[in-house]
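Just need the whole structure built from these sequences, with the hints factored in.
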Amino acid sequence: MAPARVESLALSGLAAIPAEYVRPLEERPTECVLKVKRVEDEGPQIPVVDVAGWDSADEEIKKEIRRQVAKASREWGVMQLLNHGISETLIERLQAAGKAFFDLPVEEKEKYANDHAAGKIAGYGSKLANNASGQLEWEDYYFHLLWPEQRRDMTTWPNIPKNTSR
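Mapping to full-length UniProt numbering: the sequence shown position 3 is 3, numbers consecutive.
Don't take every hint at face value.
[Unchecked claim] Derived DSS-like pairs: lysine-lysine, alpha-carbon spacing no greater than 27 Å straight-line:
| no. | residue 1 | residue 2 |
| --- | --- | --- |
| 1 | 127 | 99 |
| 2 | 120 | 99 |
| 3 | 111 | 99 |
| 4 | 111 | 127 |
[What the hints assert, rightly or not] Computed beta-carbon distance windows for the label pairs:
| no. | residue 1 | residue 2 | range |
| --- | --- | --- | --- |
| 5 | 24 | 60 | 42 to 52 Å |
| 6 | 146 | 110 | 29 to 39 Å |
| 7 | 135 | 103 | 26 to 36 Å |
| 8 | 63 | 12 | 45 to 55 Å |
| 9 | 67 | 93 | 26 to 36 Å |
| 10 | 77 | 151 | 20 to 30 Å |
| 11 | 151 | 17 | 28 to 38 Å |
Bear in mind the hints are in silico, worked out from the structure with no lab data behind them. For each residue, glycine too, the CB sits at the ideal point set by N, CA and C.
Structure follows, in structure tokens:
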């Protein structure tokens, strides 16, 4: 029997989110919790890190970039990277592939399901585990290990949707 998936729960006709998924008020995102820094009338501003010097011969430049990435990770958990060298075309292809995969019927996505009990962490899965407060997480995901290279397994990458080359 396939594990419960968020998509299946969402499509089941529920009139409300089941209580076990509702986070306590103190865990719901707020400006305080997110450590939002407001710029007048511009809204929240996430950290922006320019990584153009990542491959510099100058160790001080690399050290400063690492410091900025670590700080943004620690304080926000997210950041915008500038000058990372990833083409807009590749980013758009990745976004389209992700959307196409998650638009597939649940039965098709299940063909790529992970199996933690068997030690297979790569693939389609749902995070329905309890968080620290006892609420269940509510997310479907596709995990694909890219690093270290010796653990990369391209056989777990979906053959569909088309145009998502391995």
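Evaluation of the provided hints:
no.: 1; hint: 127 / 99; result: holds (18 Å)
no.: 2; hint: 120 / 99; result: holds (23 Å)
no.: 3; hint: 111 / 99; result: holds (17 Å)
no.: 4; hint: 111 / 127; result: holds (17 Å)
no.: 5; hint: 24 / 60: 42 to 52 Å; result: holds (45 Å)
no.: 6; hint: 146 / 110: 29 to 39 Å; result: violated (23 Å)
no.: 7; hint: 135 / 103: 26 to 36 Å; result: holds (27 Å)
no.: 8; hint: 63 / 12: 45 to 55 Å; result: holds (51 Å)
no.: 9; hint: 67 / 93: 26 to 36 Å; result: holds (32 Å)
no.: 10; hint: 77 / 151: 20 to 30 Å; result: holds (24 Å)
no.: 11; hint: 151 / 17: 28 to 38 Å; result: holds (36 Å)
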